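Engineer: Residue-level listing of the chains:
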Amino acid sequence: MENPQPVFPSPASEYGARARVWNWRRAIAPTGNRGDAIFRAALFFAVLLLLLIVLLMVVKIGLNALPSIQRYGFGFLTSSSWNPARSDFGALPFIYGTIVSSLIALIIAVPLSLGIAIFLVEQAPRRLARPITFLVELLAAIPSVVYGLWGIFVLAPLLRTSVEPALARVFGWLPLFQGPITGIGLLTGGIILAIMITPIISAVVRDVLAAVPTSQREAALALGATKWETTRIVLANAASGIAGAVILGLGRAIGETMAVTMVIGNRPQISASLFAPSYTIASVIANEFTEATDNLYLSALVEIGLILFLVTFIVNGAAKLLVWSVTRGTSGTARAA
Amino acid sequence: MMKSSEENLRRMTSALMTALTACCAFFAVSMLLLILGYIAWRGLGSINLQFLTDAPKPVGEGGGIGNAILGTLVLLLLSSLIGLPIGIAAGIYLAEFGEGRFASLVRFVADTLTGVPSIVVGVFVYALIVLPMKQFSAVAGGVALALIMIPIVTRTTEEMIRLVPTSLREGALALGAPQWRVILGVVLPAAASGIATGAMLAVARVSGETAPLLFTAFGSRFFNIHLGQPIASLTVQIYNYAISPYDEWHAQAWAATLVLMTLILVINITVRFLTRKKF
Chain A
1 MENPQPVFPS PASEYGARAR VWNWRRAIAP TGNRGDAIFR AALFFAVLLL
51 LLIVLLMVVK IGLNALPSIQ RYGFGFLTSS SWNPARSDFG ALPFIYGTIV
101 SSLIALIIAV PLSLGIAIFL VEQAPRRLAR PITFLVELLA AIPSVVYGLW
151 GIFVLAPLLR TSVEPALARV FGWLPLFQGP ITGIGLLTGG IILAIMITPI
201 ISAVVRDVLA AVPTSQREAA LALGATKWET TRIVLANAAS GIAGAVILGL
251 GRAIGETMAV TMVIGNRPQI SASLFAPSYT IASVIANEFT EATDNLYLSA
301 LVEIGLILFL VTFIVNGAAK LLVWSVTRGT SGTARAA
Chain B
1001 MMKSSEENLR RMTSALMTAL TACCAFFAVS MLLLILGYIA WRGLGSINLQ
1051 FLTDAPKPVG EGGGIGNAIL GTLVLLLLSS LIGLPIGIAA GIYLAEFGEG
1101 RFASLVRFVA DTLTGVPSIV VGVFVYALIV LPMKQFSAVA GGVALALIMI
1151 PIVTRTTEEM IRLVPTSLRE GALALGAPQW RVILGVVLPA AASGIATGAM
1201 LAVARVSGET APLLFTAFGS RFFNIHLGQP IASLTVQIYN YAISPYDEWH
1251 AQAWAATLVL MTLILVINIT VRFLTRKKF
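From first to last, the protein sequence lines are chains A and B.
Our numbering puts the first residue of the first sequence at 1, with every later residue one more than the last.
Our numbering puts the first residue of the second sequence at 1001, with every later residue one more than the last.
None of these hints come from the bench; they were simulated from the model.
Source: prediction; values computed, not measured.
Worth double-checking, as some hints may not be accurate.
Label pairs and their calculated CB-CB ranges [unchecked claim]:
#1 A:I314 - B:S1030: 29 to 37 Å
#2 B:A1192 - A:A140: 21 to 29 Å
#3 B:F1273 - A:R328: 28 to 36 Å
Think of the CB as a built atom: it goes at the ideal place given N, C-alpha and C, for glycine as much as any other residue.
Using the sequences and the accompanying hints, generate a full structural model.
Structural biologist: Put into structure tokens, the structure is as follows:
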């Protein structure tokens, strides 16, 4: 009665019984050393801080968006009128601009990135692949604002004087390519985005392709497949990872701010023409946040930020899971290949 | 005869696709060279010592980006002081104790945090720091940049520490050293260069950030090192000059871009040089 725990004679099981009982000392310091406990707690604190930041981000942004959420409800997402002077806020034009510019970017960037990744992993000799890999990755190191500057002074004039007139001549019967040509608008924003997300998509596709076992290639080659036929088999194996890479690029395109803000024209309208100025979720925040004088205006902008946060979080999460499904076995160091 | 023509077709398709993929790669590389070359061409004309050390002046009177260079350095220092210790500590935890579901969750959160648009980080820091302080400030800008650095540094640190062979840890533990001394005294020194390059890449990444600074550090036209006040930065200055209607400011924007790109390229190429042997 005094001792409710059963006592076993052998020393080994005594150790086993103790280990099974949850012990706070053991939980904090599995090694039983005080220095270890302090060290581990300090590191754990940093990890907690990381989680806390994300949690706080959701809470803070959510709280500041609350006035706007309460006032406009779901109508915020479907209303296309944006008039701060009359406290009239609807996010639809920004959602439209974001989706269309991101789609243009994907249409251009996905084939390009796939080509780059296939060339670097499957086709190019190593001596050529390494420097090209580095140079393509440098494209990702160029800041957004620099792309924007380049977009304003190089890309937009080029589109205005030659590309857009040519598109209007050939595809002018489509509503997509009608209307006044200014060089500033959805198409310019989409092209800039395409250049910016190409290095990101191609880097991930490279990792994914490198994670496909060499035996797959050897088997195909042994059966007499050509280089391209082998590559197609590798691509089929890596399909879900490639989908992840594309979604990751989409996430980046949705959240990209400065470059788009500088070339998209910043007009809250929904127009069928790709030549027309538009506005994106990220760029309306960048442009109007410091101008927002009353609380409701600011809250509406924060709600737009909340939408952006949630959408990119979900998109990135989905992309990560897809990429992991291919590269998991290779411990993420496939990049070294 | 039929068979050989079919085989020819297959060979030709293969060769054609190789050429096509090579074109994609060379297109991307030439894009990079075109952009960098254009920046150098437009920027070199306006750069001189006075431009690098002066504060901005009204249109027509010259002026420079001295305050912006100083501001960027202050912001980078501030964000490194906040972001690097947290990021490295979290990275060590994940590498050394990171088993089980909790660690997977942390990795997942860190990876998704890396993908959160930087403008959202700006909105967050605005609500967190600028609203309570009722003022834009260098501190807010530094915190915003630090938040972007933390997940990047965490993941690269973890990867670098994992490269250290287990036998090194086992050897030290077998000599009777406690775990914390093994990690601090043996594992970290072995991974130091890798962690340092990861930190450098994170600094390079945030040095080009504009969006999170727009409504945290805000920008300033004066020399300032007071952390409670708005502070200038190269990126915000480039943005403001780029969207201005003045040719003189456009030229200054290109010159400032050249300075910024030099900083970023030097870091990236140094890192490349340092890690060349490892990979």
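Engineer: It remains to establish, for every hint, whether it holds in the given structure.
Structural biologist: Structure-based check of all given hints:
{"no.": "1", "hint": "A:I314 - B:S1030: 29 to 37 Å", "result": "36 Å, holds"}
{"no.": "2", "hint": "B:A1192 - A:A140: 21 to 29 Å", "result": "26 Å, holds"}
{"no.": "3", "hint": "B:F1273 - A:R328: 28 to 36 Å", "result": "31 Å, holds"}
Of the hints listed earlier, there is not a single one the structure fails to meet.
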